[in-house]
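> Protein chains in written order, with the numbering used here: chain A, 1 to 256; chain B, 1 to 162.
Think of the hints as simulated: they come from the structure by calculation, not from any bench.
Glycine is no exception: its CB is placed at the ideal position from the N, C-alpha and C atoms.
Misleading hints may appear alongside valid ones.
Computed far set for chain B versus chain A, every beta-carbon distance over 12 Å [said to hold, decoys possible]: (1) Glu56; (2) Lys62; (3) Gly63; (4) Glu73; (5) Thr76; (6) Thr80; (7) Asn91; (8) Glu93; (9) Pro96; (10) Asp121; (11) Val124; (12) Arg126.
Chain A regions said to be covered by chain B (calculated; three or more residues, Cβ under 8 Å) [what the hints assert, rightly or not]: (13) 47–59; (14) 117–128; (15) 132–142; (16) 147–153; (17) 192–201.
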Amino acid sequence: MSIPPDDTDITTAGTSSAATRLLGTLAVVGVAWLVAFGLLFSPADRDQRESVRIMYVHVPSAWLAYLAFIVTAGASALYLFRAAHSLVWDRLAGASAEVGVVFMGITLLTGMLWGRLSWGVFWTWDARLTTTAFLFVTYVGYLAVRRLGGTHQQRARRSAAVALLGVLEIPLVHFSVRLWRNLHQESTVARPDGDVKMDGLMLFSLVVGLVAFTLLYVWLVIHRQRALVLEDAAEDHGLEQALSDRRAEAALPGGR
Amino acid sequence: MDLTPRTAPEAAAPSTRRRWVPLLVLGLVVAAGGVLVARFLTSAVDYYCNVDEIGERAGCEKGRSLRVQGTVEDGTIERTDGTTSFVISFNDEELPVRYEGEPGGIFEECIPVVVHGRIEDDGVLRGTRVEVKHSEEYVDENAERLDDAVDRSGAEQCSPPA
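Start from the sequences and build out the full structure, keeping to the hints where you can.
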């Protein structure tokens with residue numbers, strides 16, 4: 001699938017379907033659960049008191065940003081290394097990166113607020129914070145590369161190369177808390193020894209956040225990917241229109 | 001057929017805008033990346049030392065700008081005329097700290113902190129910035145109070161981080 005079928009009217013075509021409506025509903029229900037568990041049912045922390053609740057947004061959004069950038073890299077690899085060079089993979093990569101940048105932005109913002117409340121500072125130049133900010137900036141750059149112009153295939157090749165390089169930063173971000181001495185605490189859940197030091201209800205609320213954000217991510221990516229299909233089709237349509245106008249001009253008496 | 005690009009203003013406007021915005025963003029991205037790396041490296045010049053490494057580990061000498069990690073000792077916080085004094089410890093080594101101001105966040109006794117500053121000749125760390133470090137443990141406030149009541153009945157001291 002490169003562009004919608006010829007009979008698709010791109011001026012009125014939507015991006016929703018029965019499946020996405022169901023997914024959207026589930027995502028909204030998931031977020032409602034997250035609000036209930038994050039703000040009401042989960043307990044305050046011994047040291048951090050109520051500010052610990054920021055974790056239920058901060059951590060799932062960080063994980064989803066990682067996932068989004070990994071999906072971008074995977075789709076980019078499929079585009080580059082499969083003979084068909086299908087733009088389906090390119091648009092999936094682009095859609096996932098856009099959603100990933102939003103999640104990464106949320107991670108940085110909530111992290112700064114949480115930092116101010118528990119560390120006493122909004123920001124410090126430690127390895128976890130710096131590498132996360134660098135990852136965010138890299139993918140803003142990736143999105144800019146996608147809009148540099150050229151044909152769809154040129155865009156796809158260029159951005160796929162950036163995506164495959166950018167994803168290499170993720171292990172650096174994740175393991176930065178082990179590689180360097182940090183202000184940021186080490187991982188609580190994704191740790192090699194499997195010894196999760198978190199209250200049961202807190203952990204459950206975190207899992208609710210992860211599920212809700214994953215549903216939200218899938219829902220947003222499907223919609224965005226479909227919108228990109230329409231954007232590409234609109235551009236192709238504009239090009240075809242310009243060509244047919246020129247042909248009509250040339251056919252006129254005195255045309256060149 | 002004439003295939004030369006049209007130069008009419010209405011045709012040129014969108015493509016010019018489309019080309020400039022991503023280039024501008026890319027320029028900003030490269031600049032931001034450079035600033036991030038530069039700030040990180042500048043900050044990394046100040047060694048990150050535990051209290052017991054002062055004078056022991058290379059780079060953790062007195063008189064130079066450091067980041068020192070330790071746990072705020074129980075009963076040592078004193079506040080006078082806008083200055084906060086306290087003692088931090090790590091592996092039984094202690095270091096007195098003086099900080100002009102009130103540390104923010106969840107600063108309290110028995111909590112690990114990272115103090116940026118310089119150890120003067122009198123052996124006191126003059127802090128320019130205090131950051132509270134919290135562990136990767138998350139414990140229900142109420143459940144812990146019960147344990148605390150039992151644990152702290154005998155012992156007064158905080159245990160240093162492992």
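> Each hint needs a verdict: does it hold in this structure or not?
Results of checking the hints against the structure:
1. Glu56: 15 Å, holds
2. Lys62: 19 Å, holds
3. Gly63: 21 Å, holds
4. Glu73: 16 Å, holds
5. Thr76: 18 Å, holds
6. Thr80: At roughly 20 Å from the nearest Cβ of chain A, B:Thr80 sits farther out than 12 Å, so the non-interface label holds.
7. Asn91: The claim holds: B:Asn91 sits with its nearest Cβ about 15 Å from chain A, beyond 12 Å.
8. Glu93: 17 Å, holds
9. Pro96: 20 Å, holds
10. Asp121: It holds; B:Asp121 is separated from chain A by about 26 Å at its closest Cβ, greater than 12 Å.
11. Val124: 21 Å, holds
12. Arg126: 18 Å, holds
13. 47–59: holds (count 6)
14. 117–128: holds (count 9)
15. 132–142: Coverage by chain B holds here, the residue count being 6 at a Cβ distance below 8 Å.
16. 147–153: Coverage by chain B holds for the stretch 147–153 of chain A (3 residues, Cβ < 8 Å).
17. 192–201: Held - the stretch 192–201 of chain A has 4 residues with a Cβ nearer than 8 Å to chain B, which meets the minimum of three.
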